[in-house]
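2 protein chains.
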Amino acid sequence: MAKDNHIKNEAITRREDDFAQWYTDVCRKAELMDYSSVRGFIIYRPYGYAIWEEIQNYLNKKFKETGHQNVYMPTVIPESLLQKEKDHVAGFAPECLVATHGGGTKLEDPLIIRPTSETLFCEHYAKIISSYRDLPKLYNQWCSVVRWEKTTRPFLRGAEFLWQEGHTMHENEEEARTETLKMLEIYADLGRDLLAIPFTTGRKTDKEKFAGALETYAIEALMPDGKALQSGTTHYFGTGFAEVFNIRFQGRDGKVHHPHQTSWGVSTRLLGAIIMVHGDDNGLSLPPYVAPIQAVIIPIAQRKPEVIPAARSLETLLKNAEIRVKIDESDKTPGWKFSEYEMKGVPLRIEIGPRDIEKGVVTIVIRHDGRKLTVKKEEFVATVKMLIKQVQQEMYEKAHAFLLDHITDVTNMEEFNEVMAKGGYARAMWCGNQACEDKIKDLTTATARVLPFNQMPIGDTCLVCGQPAKKVVLFAKAY
Amino acid sequence: MAKDNHIKNEAITRREDDFAQWYTDVCRKAELMDYSSVRGFIIYRPYGYAIWEEIQNYLNKKFKETGHQNVYMPTVIPESLLQKEKDHVAGFAPECLVATHGGGTKLEDPLIIRPTSETLFCEHYAKIISSYRDLPKLYNQWCSVVRWEKTTRPFLRGAEFLWQEGHTMHENEEEARTETLKMLEIYADLGRDLLAIPFTTGRKTDKEKFAGALETYAIEALMPDGKALQSGTTHYFGTGFAEVFNIRFQGRDGKVHHPHQTSWGVSTRLLGAIIMVHGDDNGLSLPPYVAPIQAVIIPIAQRKPEVIPAARSLETLLKNAEIRVKIDESDKTPGWKFSEYEMKGVPLRIEIGPRDIEKGVVTIVIRHDGRKLTVKKEEFVATVKMLIKQVQQEMYEKAHAFLLDHITDVTNMEEFNEVMAKGGYARAMWCGNQACEDKIKDLTTATARVLPFNQMPIGDTCLVCGQPAKKVVLFAKAY
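Chains X and D, in that order, give the protein sequences.
Numbers in this note's numbering are just positions in the first sequence, counted from 1, shifted up by 371.
Numbers in this note's numbering are just positions in the second sequence, counted from 1, shifted up by 371.
These aren't lab readings, by the way, just hints derived from the structure by calculation.
Note that the structure is predicted; figures quoted are calculated from it, not measured.
Incorrect hints may appear among the rest.
Identical chains blur together in the list; that is why a pair holds if it fits in one copy or across any two.
In silico BS3-like links for lysine-lysine, alpha-carbon gap of 30 Å or less [what the hints assert, rightly or not]:
hint : residue 1 : residue 2
1    : 703       : 626
2    : 477       : 553
3    : 400       : 626
4    : 626       : 433
5    : 435       : 400
6    : 433       : 756
Take these sequences, add in the hints, and give me the full structure.
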């Protein structure tokens, strides 16, 4: 029965015809975003922003449970301040939006609209840290950042995007390293528990790490087109920035030390991951836990006097059970509404019409697999609750199966190319030299996504040069 | 007993010595904010930001209950877009921060860092509104805005501040006017229910209204130095922006109409109001409902083995009762801690030491009036809950009494000057001509704060020119 209950939405390009166009269609037609008149600056429409708010709620709770505090730093960075850390400025300078005039006067020191806030946090930390008693500092900021990108795509790469950036300072290396990995785990949990996305985690190679960091870790998601999407990162900085910014504290030993630093962030890019991982030719398909609307109630033959009251009583039942529910009583046809909420990816559709009322039943249609259930009214709320849990799990398992099906061990470039042609990750041994990493990128456009935490060798020699191998790497083409 | 339990904090300037310096001292020493290296751009430190988060939580709930949706618009406005509405651009142009370079290239159309977002919302609304079925649009945005102010003060006037800006579109004038007043009422409720501040409400004169609005309404708070602080505004625009931005819809009558527009906002300026209305010479004093920490537990003689476990068990009791509690087990002295949390304005201080434990009691000290209570352990949680409610109400009533004591009816300029010398509002009759309003400002620096909703006349003639009076006005000096 499955697919029969889907109504074809002709407004959306089919994925196999043009995946990139399908993606843009979904972004716009599900009303997640709109373009503004400035290239790369998008409008986060209510439905898209509500998904981001669910992510914020989840993470704010986790951040606070782990002792983090929210702060807000200036939206601008003096050019001279950004230039203090050389690797950092080299990474960001080409993408800066620069303000040169304020109140009609030319500024002496131009102001960069923040692309990231390490330098601002460091300047502040230098003022408020003086003793080991002041540590750790565990600050987080929710804000937007601006990076003047040449090519932009909604949510995936924008001139402006929304994110959180954590910036922490610690007494010693061990504590900072623990923090770097703890936050990576919170991001992986976010994927599993809220987004129904299995993230691949691991460390970045030096070539791929963040400008100014000693080590970068990442969560990566695999898209249906076989390309990886870096979805969040955590960084360990050592004391590099602290030295440049003169952040010092008197330690328990009475001596002066530099604190060890981390930063970490996820952004509205996660919306891009959700769209691609779960969507289909009918549009968006949202995991229930992150869906702004978990169930939509559609009255059938709503002009009959018994229908609207029955639909509203279902709405009340679900509201009381704290399920995010919407009823659509507009004068559109049921068919139009079916198609609309499928496109918007609402996980459960509740249909109630005269025949259902007569029989004392409710019809439920599940977005992600098209299943249709008829349940007794007495079992309605319990069934919806159960389905929300079940659908969340099924969507995760489906994405996980796809991921496992797209990790292939390779030992030479021929096998590597086959995997790249098919899409997905090639797991391979690597000598550790950037020359080989560069060569793979030149030949295939693929990059080292992560050095997975499981470093069990699958061979002895580097897949590029044949020299002794040092690391297991997951390679893929990436967004 | 009252004041004896306060420990003098010598680090804070006394209010009667220098009110402005007292304010700055509290902002910094209570760790609400810090300065950044760019003039007027402040850092919202965890304790200050947490107060803002309480305000956000309160308003987000009210906004959603009244059908509003959150969105996010670009952080930049093309200069050409800002210039579309002439009154609007005239109001904001002198304060603009302008970006002229992106990615190393000069921009053809410079970008203004948003000082307010009417133009962005209008541009978007023009694209998504075409029928009465699309109305109302009830959008709100949480963000920061930048206004290049010459003189700045923490929270009160900044080059950057945090706020929410609601922008709504309606089918007709009546609905838009209702919205304008409804949001003003939500702001007044926020004052009464969360901030313990009695706001004076009313309409602004044409001279004082928002750039581009037909009518502006405001909430005004009275500060202890007798000056008013405009704390939030709501605006009715009519169809002015809609005409300029070509926002049109097909109405129920089949004809094309322009929608009627509103906007409304409150900002982190509210933190300035809280600080001044409730603070005293010992520092900040927070109403319990908006306090990030409602009760602080201070162990006395904490090295004695029974003290810390007893203090932690009190903490658990309060946490379970969903009271925001903090325990300070640091190695500072109790006296230092008393002074610190007084300065930070924590409403309730819980002291527990060996003698309390022996007697089965807990000591509670109330921040705002210095009262000290000894309560039986069995009554501890119930007493704390009761006190939170009671203190909130007492703080509101105290502020309300101060306000009522500082509204004086005047009929001529002599009486007016007496009120301005003492501080507070002068309620007076006005002919409605801006010349008289200007004259008052020139002579006294006072401005018309609001035309109160209660327009019961208190005389027949304008206090300036003696001509027939048309309006009741509340005048005051203002921040």
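Exercise for the section: Please work out whether the CA atoms of residue 477 and residue 553 approach to 30 Å or closer within one copy, between two copies, in both situations, or in neither? Expected result: Neither. Shortest intra-copy (45 Å) and inter-copy (42 Å) distances fail the 30 Å Cα cut-off.
Handout entry: Within, between, both or neither: residue 626, residue 433 at alpha-carbon 30 Å
Key = Neither. Shortest intra-copy (34 Å) and inter-copy (52 Å) distances fail the 30 Å Cα cut-off.
Exercise for the section: Give the relationship of residue 703 and residue 626 under a CA distance limit of 30 Å: within one copy only, between copies only, both, or neither. Expected result: Result: close only across copies, 21 Å inter versus 73 Å intra.
Exercise for the section: Up to 30 Å between alpha-carbons, please classify residue 433 paired with residue 756: within, between, both or neither. Expected result: Classified as both: same-chain Cα gap 24 Å, cross-chain 27 Å, threshold 30 Å.
Practice task
First find the shortest C-alpha distance between residue 435 and residue 400 inside one copy, then the shortest across copies, and answer within, between, both or neither for a cut-off of 30 Å.
Solution key: Result: close only across copies, 24 Å inter versus 36 Å intra.
Practice task
At 30 Å max between alpha carbons, let me know whether residue 400 reaches residue 626 within a copy, between copies, both or neither.
Solution key: between (61 Å within a copy, 27 Å between copies)
When held up to the earlier numbered hints, the structure conflicts with 2 and 4 and fits the remainder.
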